[in-house]
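Undergrad: Assembling the complex is the task here: the two chains are given apart, and the hints tell you how they should meet.
Chains as they are written, first to last, in the numbering used here: chain A, 212 to 485; chain B, 207 to 484.
So these bits of chain B aren't anywhere near chain A, every CB distance computed over 12 Å: (1) P253; (2) E259; (3) M266; (4) V310; (5) I319; (6) A327; (7) S330; (8) I381; (9) S388; (10) L421; (11) I424; (12) T431; (13) R451; (14) I455; (15) I457; (16) V469.
Per label pair, the in silico range of CB-to-CB distance: (17) I295/A / F422/B: 37 to 47 Å; (18) E293/A / A240/B: 32 to 42 Å; (19) K333/A / A327/B: 31 to 41 Å.
Hints were generated in silico from the structure; no laboratory data involved.
Note that this is a predicted model, so its numbers are computed, not measured.
Built from N, CA and C at the ideal position, the CB exists for glycine as well.
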Amino acid sequence: MIKINNLDFAYKNTQVFRRISLEFQKGNIYGLLGENGVGKTTLLKLICGLQKPQHGEVTVDGFVPSERKPEFLQNVYFLPEEVITEDTTPEKFIKKTGVFYPRYDYELFNKLMKELEVDLNKKFNELSHGQKKKALLACAMSLKTDYLFLDEPTNGLDIPSKALFRKVISQYCNDETTVIISTHQVKDVENLIDPIVILDRDDVLLNASFSQITEKIFFEYGPERLDNAYYTEMLPGGYINVMRNVNNEESNINIEALFNAVMKNKETIKNLMK
Amino acid sequence: MNNTLNINRLGKVIKYDGASFFHNLSLTLIILWAIPVALWLIASLTPNDGHMEAYMRISMIESLTKILLILTPAALYKSCNDARKGIGYAMMPASALEKFISMVFYCAIAAPIVYIAGALAVDSILALFGGPYEGFAIAGYFNQYEQIRNVFETNMMMNPEEFDKYTSMMTPAWIIFSDIFSVLMLSSIFMFGNMIFKKRKTGKMIGIIVLLIILFLIVFVNYVTNHRTMFTYMDADNAEEIIKRFIYIMIRVAFVVEIVISVVMLWLTYFKIKTQKY
Numbered sequence: 212m213i214k215i216n217n218l219d220f221a222y223k224n225t226q227v228f229r230r231i232s233l234e235f236q237k238g239n240i241y242g243l244l245g246e247n248g249v250g251k252t253t254l255l256k257l258i259c260g261l262q263k264p265q266h267g268e269v270t271v272d273g274f275v276p277s278e279r280k281p282e283f284l285q286n287v288y289f290l291p292e293e294v295i296t297e298d299t300t301p302e303k304f305i306k307k308t309g310v311f312y313p314r315y316d317y318e319l320f321n322k323l324m325k326e327l328e329v330d331l332n333k334k335f336n337e338l339s340h341g342q343k344k345k346a347l348l349a350c351a352m353s354l355k356t357d358y359l360f361l362d363e364p365t366n367g368l369d370i371p372s373k374a375l376f377r378k379v380i381s382q383y384c385n386d387e388t389t390v391i392i393s394t395h396q397v398k399d400v401e402n403l404i405d406p407i408v409i410l411d412r413d414d415v416l417l418n419a420s421f422s423q424i425t426e427k428i429f430f431e432y433g434p435e436r437l438d439n440a441y442y443t444e445m446l447p448g449g450y451i452n453v454m455r456n457v458n459n460e461e462s463n464i465n466i467e468a469l470f471n472a473v474m475k476n477k478e479t480i481k482n483l484m485k
Numbered sequence: 207m208n209n210t211l212n213i214n215r216l217g218k219v220i221k222y223d224g225a226s227f228f229h230n231l232s233l234t235l236i237i238l239w240a241i242p243v244a245l246w247l248i249a250s251l252t253p254n255d256g257h258m259e260a261y262m263r264i265s266m267i268e269s270l271t272k273i274l275l276i277l278t279p280a281a282l283y284k285s286c287n288d289a290r291k292g293i294g295y296a297m298m299p300a301s302a303l304e305k306f307i308s309m310v311f312y313c314a315i316a317a318p319i320v321y322i323a324g325a326l327a328v329d330s331i332l333a334l335f336g337g338p339y340e341g342f343a344i345a346g347y348f349n350q351y352e353q354i355r356n357v358f359e360t361n362m363m364m365n366p367e368e369f370d371k372y373t374s375m376m377t378p379a380w381i382i383f384s385d386i387f388s389v390l391m392l393s394s395i396f397m398f399g400n401m402i403f404k405k406r407k408t409g410k411m412i413g414i415i416v417l418l419i420i421l422f423l424i425v426f427v428n429y430v431t432n433h434r435t436m437f438t439y440m441d442a443d444n445a446e447e448i449i450k451r452f453i454y455i456m457i458r459v460a461f462v463v464e465i466v467i468s469v470v471m472l473w474l475t476y477f478k479i480k481t482q483k484y
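Chain B extracted, bound-state conformation (with noise of 0.2 Å):
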């Protein structure tokens, strides 16, 4: 018997997860599809004309899958840790490589997908009686990259051209692949959080990440104080070029970052499902 990763045990280990998903995530999933029907029935009874773009209701879509992937870990495996609750979860026959990958399977695609699914079915039916959503978001998804250009040639007076060739890699393809690692990462700091903590699981892990955002700020603010010399040959002219150049390097620092973290995270949560004690 390979007592690693056997597909036959996952199948089971996925099935017994998958038995509570609905049950624990249900009222989870009907508030987060309730907000975008509650905002088309504000602008439907509001006077003014209000009109909310496919682009803008796909953010919204967008914004409320990461509080549904926060929120998830927590919801579907609240008492995998508990010394005394979680004694079922460790005793199940099965690997901790077949207990971790089914809990990224459910947190990090099954959950989103659901969601977002649901999310796109109830804005194309709100969207069929017409009022203030226009078009269907799903097509906005795919429009974002033409969003984004339209700022910057907007905003920063970028040609297409350059936009182009700062921005190369934000492709539509991949626009998806950086989404699929946000939410990646999203998930897995939740996955680890969820198993750290024994109690208030989430509200603490929202917690140390404001307290590393703030760090990272200080040291960052402190660094560019001290280091002043280094922005003084940034004048008009090169003030542009500057700023284009810091977001072609950030798009892919960001992309690595986005990478590095779940990577870590994810390690992190298979390693305290294995070496958990009761």
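One chain only, chain A, in its complex shape (with noise of 0.2 Å):
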């Protein structure tokens, strides 16, 4: 389990969270959202370890990522939203990183690559930019560490390989992994993530499960634009209204209409959903 206590990071003179406490369960595929610059990149990085917190605590697994250990380095992957590769190809790449991790299949690799449609041959110069992000992501699913950190995943992806991209990642998920997925892209993995987190600057806005959501929320869609609702968007034939749900009905949730309803109303969304 990651936790994520009364935590205080900056950059030089920018604030990026000021006393924030987050847990993150087993299991489950989180989707982290927020606005540019709320510092998305920079939880994972804290949470990878890559950074480390000016006060507060950062604990996966009772382990210290700043202290960046092999045991708990072979435990985790973070794979960043910039492809950065090397002159190799990706069959040699994961050959020689591979041997790190103790769960690593080269087996799952291969067959991830068939999956993918990726080349394992071809260098990754010789691949298109989707082309290598699949490769890596490949990469990083065969090492089946328990937790996988994906920065903006599916950017630079065709349509075909996102849908590919939701099949695997659900397929790797089991009760002892997390995945986090930082995105802009919602649509992309809507049926994917589960539960949602919501960053603003310097706060958590919201951590919770589908399920905790739709308990709290009600999303309606229907011809009119309701004036009690938090958050109103046209549709192609309608209007969706995020609104309480006061009355306990079921809904499916709208991600991008949930994520404006929040950012329009930070503190009575986090009360209603404490």
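TA: Take a look at the structure:
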């Protein structure tokens, strides 16, 4: 489990987090959402040990990430947004990297490369941006770490690849794994992520599962704009109204509308979800 | 699991780093190996009968090795402190100590050994052709002590007994030991430079060294100028003795400085690997 307690973090003069506390439970695929610059990537870096908190603590299964102990590192993998590859083939790359990870599975790598339709014998620099991203995703997943952190994983993927991405990620997750996907492309991960974490400057606005969200918030799809809605958006054929679930009705979450509702009613929804 | 040093894991880190060793260093090695060949060609093609003694060639190989030591850290570990490109290195499941040992192994041991072995092989092949290269360069290494002795005898009018007295440390074994530390010092300085600078790592480190040398010279010259009285007792009779004593002290001081700088730079490099943020 990932525990973040009273975390303070700043880059020189820019405060990113102020006393935030947060938990990520095992067996979930978290969607980490937030506006540009709120610190989604920074949070992932703090959890991976690439940055050190100025105050407070971050622990992953009891390990302090910033100590970067091998026992901790062999159980986490961070796939950054920017595709940076070596001058080698994905196969050679995974063969030299995999030896450090006790559960590394070469057969799985091969299977994923076939599933994602990437040529494992081509050098990274001969692959397109999307192909590189898919190759690195196959590498990351074949290491079978308990924690997988993906920063904007669907950027640069074509439509069929996005569907494949959702498929392989959902196959990857089990009771022992935690996947955190930081993204702006909420539609790409709509049926994949649960729970959702929404970050704001200095703060966490929401950290809740779909069932917790729909218990408190109702998504009404209808022909009218409702005045008491937290947020209303015009859709083809009508409106979506995000409102308080006063009648305990069930509804389907629209992540984009939820995000906008949370951003427009920060304190109200934060208090509602407590 | 030992989170600080595990031999099995260290082997994996060495293998991991080694996978890109020749890929990243081959061009530098080839250029530095080609220099003695180019000199041999130039000397062979020039009309005058110029010879390059073995000890001169070994000095040249030593100098080229030093250039290699300066260039190697940035060539092999260029991106290890880069906020984006260095993430893979930081997240590699190995301890900072294991990564550090592997870095020292490649920068201060493997690279100079590979270069020197190659350069001596090239030199031996060229020596077999005859021409300007006489004898094998490797023989010149063990003659260095004799060469220094000759220089002292010829230029400073010092007899062999006196030379041995003041340079009693400078045995062939000491020369090897001293060379090892000068390799380590140079390598450790540039390994540290590679960890603290993000861009133009080698150039910036050379700049700092030059600045420090200039600063040291200014302080030294100032000191000597301000303490001129200390040297007033130095006359023609005892000047030679003072210079000899100065050499005697400087040899030892230089050796201690090499060790101190190496240890400090290596520790700082390890510390940077351990605490680098991305």
